[in-house]
Amino acid sequence: MRKVADWASARSMWLLWYCTGCGAVELPPCFTSRYDMERYGIGPMATPRQADIFLITGYLSVKTLKRVVRSYEQMQDPKYVLGHGSCTIDGGMYWDSYATVKDVGLYIPVDIYIAGCMPRPEAIFHAFEKLQDMIKKGEAAGWRRYKDNYRFYRDNQDKVFKRGPNWALEEPVLK
Amino acid sequence: MVEDTLDHTKGMDPLKGEYKPGTIKLEEALVRIGKLVPGAETAVRRARRGIVKVTPDMKDLVLKGLKEMGFDHFVAVTCIDWPEEKRMELVYHLWSYGTKGIIMVETDIDRDMPSIGTAVPIFRPAITYEREIHEMFGVDFPGNPRLTQFILEDWEGPPPMRKDFNSLMYSVERFGLKIRYPKSLPPHLLDKGGEKNG
Numbered sequence: 000m001r002k003v004a005d006w007a008s009a010r011s012m013w014l015l016w017y018c019t020g021c022g023a024v025e026l027p028p029c030f031t032s033r034y035d036m037e038r039y040g041i042g043p044m045a046t047p048r049q050a051d052i053f054l055i056t057g058y059l060s061v062k063t064l065k066r067v068v069r070s071y072e073q074m075q076d077p078k079y080v081l082g083h084g085s086c087t088i089d090g091g092m093y094w095d096s097y098a099t100v101k102d103v104g105l106y107i108p109v110d111i112y113i114a115g116c117m118p119r120p121e122a123i124f125h126a127f128e129k130l131q132d133m134i135k136k137g138e139a140a141g142w143r144r145y146k147d148n149y150r151f152y153r154d155n156q157d158k159v160f161k162r163g164p165n166w167a168l169e170e171p172v173l174k
Numbered sequence: 000m001v002e003d004t005l006d007h008t009k010g011m012d013p014l015k016g017e018y019k020p021g022t023i024k025l026e027e028a029l030v031r032i033g034k035l036v037p038g039a040e041t042a043v044r045r046a047r048r049g050i051v052k053v054t055p056d057m058k059d060l061v062l063k064g065l066k067e068m069g070f071d072h073f074v075a076v077t078c079i080d081w082p083e084e085k086r087m088e089l090v091y092h093l094w095s096y097g098t099k100g101i102i103m104v105e106t107d108i109d110r111d112m113p114s115i116g117t118a119v120p121i122f123r124p125a126i127t128y129e130r131e132i133h134e135m136f137g138v139d140f141p142g143n144p145r146l147t148q149f150i151l152e153d154w155e156g157p158p159p160m161r162k163d164f165n166s167l168m169y170s171v172e173r174f175g176l177k178i179r180y181p182k183s184l185p186p187h188l189l190d191k192g193g194e195k196n197g
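Respectively, the protein sequence lines represent chains U and R. Residue 0 is where the first sequence starts when you use numbering that gives the first Met the number 0, and the numbers rise one by one after that. Residue 0 is where the second sequence starts when you use numbering that gives the first Met the number 0, and the numbers rise one by one after that.
The set of hints was computed from the structure by calculation and includes no laboratory data. Glycine residues also receive a C-beta, built at the ideal position from the N, C-alpha and C atoms. Incorrect hints may appear among the rest.
Stated by the list, open to error - No farther apart than 27 Å at their CA atoms in a straight line, the calculated lysine-lysine pairs in the BS3-like style are these:
1) R:K85 x R:K162
2) R:K162 x U:K158
3) U:K62 x R:K177
4) R:K177 x U:K161
5) R:K24 x R:K85
6) U:K135 x U:K146
7) U:K158 x R:K177
8) R:K24 x U:K62
9) U:K158 x U:K146
10) R:K52 x R:K177
11) U:K2 x U:K161
12) U:K146 x U:K161
13) R:K63 x R:K99
Stated by the list, open to error - Some chain R residues flagged as far from chain U (calculated, every beta-carbon gap over 12 Å):
14) T77
15) K85
16) V119
17) R123
18) E152
19) N165
20) S170
21) E172
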């Protein structure tokens with residue numbers, strides 16, 4: 000049953016794009032007729048609660064990381080994270096900055112990193128195809144990793160920001 | 000969230016008195032400031048660009064005087080850190096639409112206890128600039144009602160724009176940065192051994 004659901008969900012996904020940094024300029028050609036994301040069954044979505052893919056397009060400062068984690072926790076399972084650009088891998092050109100996070104994978108589970116500064120839309124579509132393959136095979140299990148290793152991610156998050164009293168989201172079960 | 004208690008209508012009115020736009024040239028304004036404030040050094044660096052150097056306690060007098068003379072557009076406050084000379088330099092940039100000239104009011108404060116009275120009662124836009132300098136350089140502005148955390152949310156380290164702040168070692172400690180090729184870096188970055196609070 001899971002397999003059927005995976006097969007179906009791989010062909011119909013909503014994309015939430017978190018436009019930090021300069022990566023956002025690559026997305027309009029992806030959405031629109033030049034590359035046409037709809038061919039893959041992927042469409043843009045405005046709210047995290049209805050999205051399946053979380054595309055992080057560029058560096059995250061500590062302040063934005065807080066919002067990213069909050070948005071990620073609002074998304075419904077199964078959910079997939081794409082790290083777009085070298086900034087999400089090791090900080091990119093902000094590698095020694097005091098304000099930006101280096102490896103996004105320490106704070107939320109990233110399924111696929113797209114290398115490049117900037118990655119072209121072709122690279123983004125390559126990632127989409129790869130993600131669909133991974134979903135069909137059941138390999139895109141970042142959301143499960145987040146639940147299983149929540150203590151790890153939570154410790155890393157607590158190292159760089161504080162959850163305020165208005166966080167208002169249910170805590171995942173600690174393991 | 001701190002409520003803004005300031006009122007726009009309070010403070011100085013630049014249009015009171017004899018001021019008419021364009022009547023007071025930059026050179027004349029500098030001469031008048033030199034007479035008004037004892038100990039103020041004035042100079043014209045180049046065309047339409049003047050400098051006034053004053054002590055911190057005379058700063059308010061100079062800003063008020065310049066505002067009355069038509070330099071009423073408050074452009075910015077900037078802060079410069081001089082660790083060798085143990086001082087911080089604050090520069091207030093004032094622009095006049097009348098004569099189309101800019102005057103920089105420079106003042107030095109102690110680097111170990113950086114504190115200077117706020118310019119908010121004279122120029123209200125200073126509220127945000129001072130807030131930023133407070134966060135980035137650790138300068139205290141007594142009288143500013145809004146010195147809360149600004150861009151650096153949940154910041155716990157020393158002020159990052161000071162020159163002795165080691166951003167690289169801070170990244171290693173806070174974000175788990177792995178330095179893969181330490182030989183390619185200038186050695187003084189690695190020798191400092193983490194953050195230092197000046």
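Proposed proximity, U:K161 with R:K177 (alpha carbon, max 27 Å):
Distance of about 24 Å is within 27 Å: holds.
Can the restraint linking R:K85 and R:K162 be considered satisfied, given a maximum Cα separation of 27 Å?
holds (11 Å)
Agreement of R:K162 and U:K158 with the hint, judged by alpha carbon distance not exceeding 27 Å
Measuring from Cα to Cα gives roughly 25 Å; hence the hint holds.
Checking one constraint from the list: CA of U:K135 to CA of U:K146, max 27 Å. Satisfied?
Satisfied, since the Cα-Cα distance of roughly 21 Å is no more than 27 Å.
Can you confirm whether the C-alpha distance between R:K24 and R:K85 stays at or below 27 Å?
violated (35 Å)
With 12 Å as the threshold, tell me whether R:K85 passes as away from chain U on beta-carbon distances.
holds (23 Å)
Quickly compare the C-alpha distance for U:K158 and U:K146 to 27 Å and report which way the hint goes.
holds (19 Å)
Are the Cα positions of U:K146 and U:K161 separated by 27 Å at most?
This hinted pair holds, its Cα atoms lying about 20 Å apart.
Over 12 Å from every CB of chain U: does R:E152 meet that, or does the non-interface label fail?
The claim breaks: R:E152 does not keep its Cβ more than 12 Å from every Cβ of chain U (closest is about 4 Å).
Please confirm whether R:E172 is truly not at the interface, meaning its C-beta sits more than 12 Å away from all C-beta atoms of chain U.
Answer for R:E172: violated, closest chain U Cβ roughly 9 Å.
Confirm or reject: R:V119 is not an interface residue toward chain U, with every Cβ-Cβ distance exceeding 12 Å.
holds (25 Å)
Given the hint that R:K63 pairs with R:K99, test it: the Cα-Cα distance must not exceed 27 Å.
holds (18 Å)
When held up to the earlier numbered hints, the structure conflicts with 5, 8, 10, 11, 18, 19, 20 and 21 and fits the remainder.
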